[in-house]
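Chemist: One-letter residues, chain by chain:
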Amino acid sequence: MIELQHLSKRFLDNVVLDGVDLRVDDGQTVALLGPSGVGKSVLLKHIIGLIKPDSGDVIVDGLHVPLLRRKELAELRSHIGYVFQAGALFDSMSVYENIRLGITDETCYRDDGYCTDRVRECLRLVNLAPEVAQKFPAELSGGMRKRVSISRAIAGKPKYLLYDEPTSGLDPVNADVIDGLIERLQQEIGVTSVVVTHDVRGAFRVADRIALLWQAKIRAVGTSEEILQSKDPAVHQFLERDLEMAVIQSESDDGSHV
Amino acid sequence: MNGVPVALDLRRYVGRWSLRTAGHAGRFTFLLFDMVRGLTEWRIWLPRMVEQAVNTGYGSLFIVLLVSGFAGAVTSLQTGYQFTGQLPLYVAGGVIVESMILELGPVLSGLILAGRIGARYAAELGTMRVTEQIDALESLGRSPISHLLLPRVIAGLFVIPPLIMFADTFGVLVGWVTAKSTLGITDADFVYGARYFFRPLDLWYSLIKSYFFAATVTIIPCYIGYNTQQGAEGVGRSTTAAVVASCVTILLLDTVITKLLLG
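Those protein sequence lines, which keep their order, are chains Y and S.
Heads up, the first sequence is in my numbering, so the first residue is 6 and it goes up one at a time.
Heads up, the second sequence is in my numbering, so the first residue is 4 and it goes up one at a time.
A hint or two may mislead.
Distance ranges between label pairs, derived from CB positions [as the list claims (entries may be wrong)]:
1. Y:135 to S:259: 54 to 60 Å
2. S:261 to Y:139: 48 to 54 Å
3. S:45 to Y:245: 54 to 60 Å
Here are a few chain Y residues that face chain S, going by a calculated C-beta distance under 7 Å [as the list claims (entries may be wrong)]:
4. 53
5. 55
6. 57
7. 58
8. 87
9. 89
10. 106
11. 107
12. 109
13. 113
14. 225
15. 229
Calculated from the model, a selection of chain Y residues having no Cβ within reach of chain S, i.e. all distances over 12 Å [to be verified]:
16. 30
17. 83
18. 111
19. 129
20. 134
21. 154
22. 169
23. 185
24. 195
25. 239
It is worth saying that the hints were derived from the structure and are not from the lab.
In this text, a Cβ means the ideal position worked out from N, Cα and C, and glycines have one as well.
Isolated chain Y (complex conformation):
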């Protein structure tokens, strides 16, 4: 289970998260929606301990992430797969080496036979041909890079998968492929997932529950039906994909009062 309790984070004068509470039960997929720049990725990085909160707590698998020592954090991270927004593939390594680094069990990592089989299996899970393993990230399309990034994240057989904007920068067809992939991985390997996205349609497709991050707080959280029936105007605006415009409008309104 992943649990965020009163999580707060600011960068200089910019309050990014202000008392955020969120719970993701085992086996669940939660989509975290919100406009660009609202702090969704920051929230995700708190879960894996890449950013420390100013206050509040992050509990993963019963462990308090901000209090973990280096080794304990590394051990916890070996059970979490993280799909970065831009892939974050190691560009000096082949796809094979990238995915192999995702094998977090050291005994398995040193076994060449196991690694070859596991890399092939991970590529199959994301619908990529085994020959892709020999290529370098620069030789792949954006969609393929995302899929390799997902392969690397699942190579260590994680208990949790965190996706940071998995469909951003992709055309609708490729975005659909990735959404389908997330859905299928959820069914095939049964991980607990958090998907950070601003793609409303994709979120409704892959998630059991949806949370909306709005002005540094969780504005709404619930199943897709509950979100659709929400009377909160911010939720409605976002669902109609007008939220970013609303942000700009509210900012200019604030400015006019000064």
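With chain Y held as given, fit chain S onto it using these hints.
Modeler: Okay, now just chain S, sitting in the frame of chain Y:
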């Protein structure tokens, strides 16, 4: 009236500068501790270190020899210009050998390597930082120190001192050949002069400096590259900062070591 805001600004500037400097000092110290702790993970850094050492050493050999060769030739010519007719010719042998071993070989090689290796390390690590590759490594439960920093630093410590010794030797040889052709010094006179002024401490001094310079041109750029922020512009800034900081540190260390060992 105007004095107050200026004084406040100055105080704010000094305060920010002090905080930033203290922050760097703290992070740098922690990084050094992390590197020492990471030495136990030799299974990770050793294979990568060999790769880096080959790239760094082989790739830098030509430029280091080129620079030391020119330095040897110029020293020889200037010695001739200053001393011909004033002092016995064998003195040129001593001046060329001592200048190359004590100062020109280590310092010029150090400065060139700060540009070549330091810039490369800072740009590589900076790019990895801004493209989240370092975060990705951490997210996989792997240590960026053992995977990225230690192989580079240890490779530098292995490769740079021999490079500087090669530079010393090559500079002396080129200086010798130049002295023979321009000053008309005989081999016997050159060797006599070189041996007359030479002390074994000179070689130790050169070697000790080369280790300090090796640490400088690897650790400082690794630290700066590792802490890069703000995209492509940040990578550019880190690369420049790494070269400048390494060069200044080399000159500073040169003075301090000279004072301590020879002063």
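Chemist: Against the earlier hints, flag every one the structure doesn't satisfy and list their numbers going up.
Modeler: 6, 7, 13, 14, 15, 17, 18, 21 and 22
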